[in-house]
Amino acid sequence: AQSVTQLDSQVPVFEEAPVELRCNYSSSVSVYLFWYVQYPNQGLQLLLKYLSGSTLVKGINGFEAEFNKSQTSFHLRKPSVHISDTAEYFCAVSAFRGSTLGRLYFGRGTQLTVWP
Amino acid sequence: GAGVSQSPSNKVTEKGKDVELRCDPISGHTALYWYRQRLGQGLEFLIYFQGNSAPDKSGLPSDRFSAERTGESVSTLTIQRTQQEDSAVYLCASSLVGDEQFFGPGTRLTVL
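Heads up: the sequence lines are chains H and E, in that order. Heads up, the numbering used here is the position in the first sequence plus 76, with the first residue counted as 1. Heads up, the numbering used here is the position in the second sequence plus 81, with the first residue counted as 1.
None of these hints come from the bench; they were simulated from the model. Quick caveat, the model's predicted, so the values are computed rather than measured. Where a beta carbon is used, it is the ideal one built from N, C-alpha and C, also for glycine. There's no promise every hint is true.
With a cut-off of at most 25 Å between alpha-carbon atoms, the simulated DMTMM-like pairs for lysine to aspartate or glutamate come out as follows [what the hints assert, rightly or not]: (1) H:Lys145 with H:Asp84; (2) E:Lys92 with H:Glu164; (3) E:Lys98 with E:Glu125; (4) E:Lys96 with E:Asp144; (5) H:Lys145 with E:Glu181; (6) H:Lys125 with E:Glu125; (7) E:Lys138 with E:Glu125; (8) H:Lys145 with H:Glu96; (9) H:Lys134 with E:Glu181; (10) H:Lys134 with H:Glu91; (11) H:Lys125 with H:Glu96; (12) H:Lys125 with E:Glu166; (13) E:Lys96 with E:Glu181; (14) E:Lys98 with E:Glu153; (15) E:Lys92 with E:Glu125; (16) E:Lys92 with E:Glu149; (17) H:Lys134 with H:Asp161; (18) H:Lys125 with E:Glu181; (19) H:Lys134 with E:Asp180; (20) H:Lys145 with E:Asp180; (21) H:Lys125 with H:Glu164.
Chain E is nowhere near these chain H residues, computed Cβ spacing over 10 Å in every case [stated by the list, open to error]: (22) Leu83; (23) Val89; (24) Val95; (25) Glu96; (26) Thr189.
The following block holds chain H by itself, in its conformation from the complex:
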């Protein structure tokens, strides 16, 4: 089975500052990796995903994430945040073979709050 740990439950930052949201995973099989964002009172929206190839993945709204296989990490970064980035961010993994194919395993989420 797979599991995901998001190391920070809350991250407060000031506008235009850089931010990193940390995610580590555990899996006995190879996985796909995802970051989702949930704005208040809205559903989850995919920010970016790693399937294969380049370990640096760029997503929407200026976010990027780097897959580090040796450290089993997939940290999310943005060089300069905006107030509109205030939301809950979820890291997720999915096995690409086996009995749990397609099922997403989520971390507990990180609440990013951007202050003016």
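Given the coordinates of chain H, work out where chain E should sit on it, guided by the hints.
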């Protein structure tokens, strides 16, 4: 429709009552998932439908929970004899096989 829709958006019920939650997936998506999001926690997998295959029910927390899907369309999640610990946001997602999951806005269930 353009995206996954769920109804109702909010449901308040009394302990012991049954509830039915509905999900309309994106047309053409063969895979459909139900997840539960309890306060302060991540999303928890409940059940997965893929085409005409037997559903993966391994995430259902108890036999009070059941779900059905008609072909590759609407799905309903039923919770019988609701308990306060069932209070959560129930999210539905759909996808093509092995592809990105698209999530609905969720149903917020409150059990009094």
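For each hint, the structure was consulted:
no.	hint	result
1	H:Lys145 with H:Asp84	20 Å, holds
2	E:Lys92 with H:Glu164	23 Å, holds
3	E:Lys98 with E:Glu125	23 Å, holds
4	E:Lys96 with E:Asp144	16 Å, holds
5	H:Lys145 with E:Glu181	21 Å, holds
6	H:Lys125 with E:Glu125	19 Å, holds
7	E:Lys138 with E:Glu125	13 Å, holds
8	H:Lys145 with H:Glu96	18 Å, holds
9	H:Lys134 with E:Glu181	16 Å, holds
10	H:Lys134 with H:Glu91	21 Å, holds
11	H:Lys125 with H:Glu96	16 Å, holds
12	H:Lys125 with E:Glu166	32 Å, violated
13	E:Lys96 with E:Glu181	36 Å, violated
14	E:Lys98 with E:Glu153	29 Å, violated
15	E:Lys92 with E:Glu125	19 Å, holds
16	E:Lys92 with E:Glu149	19 Å, holds
17	H:Lys134 with H:Asp161	16 Å, holds
18	H:Lys125 with E:Glu181	9 Å, holds
19	H:Lys134 with E:Asp180	18 Å, holds
20	H:Lys145 with E:Asp180	22 Å, holds
21	H:Lys125 with H:Glu164	17 Å, holds
22	Leu83	13 Å, holds
23	Val89	21 Å, holds
24	Val95	20 Å, holds
25	Glu96	19 Å, holds
26	Thr189	15 Å, holds
Checked against the numbered hints above, the structure violates hints 12, 13, 14; every other hint is satisfied.
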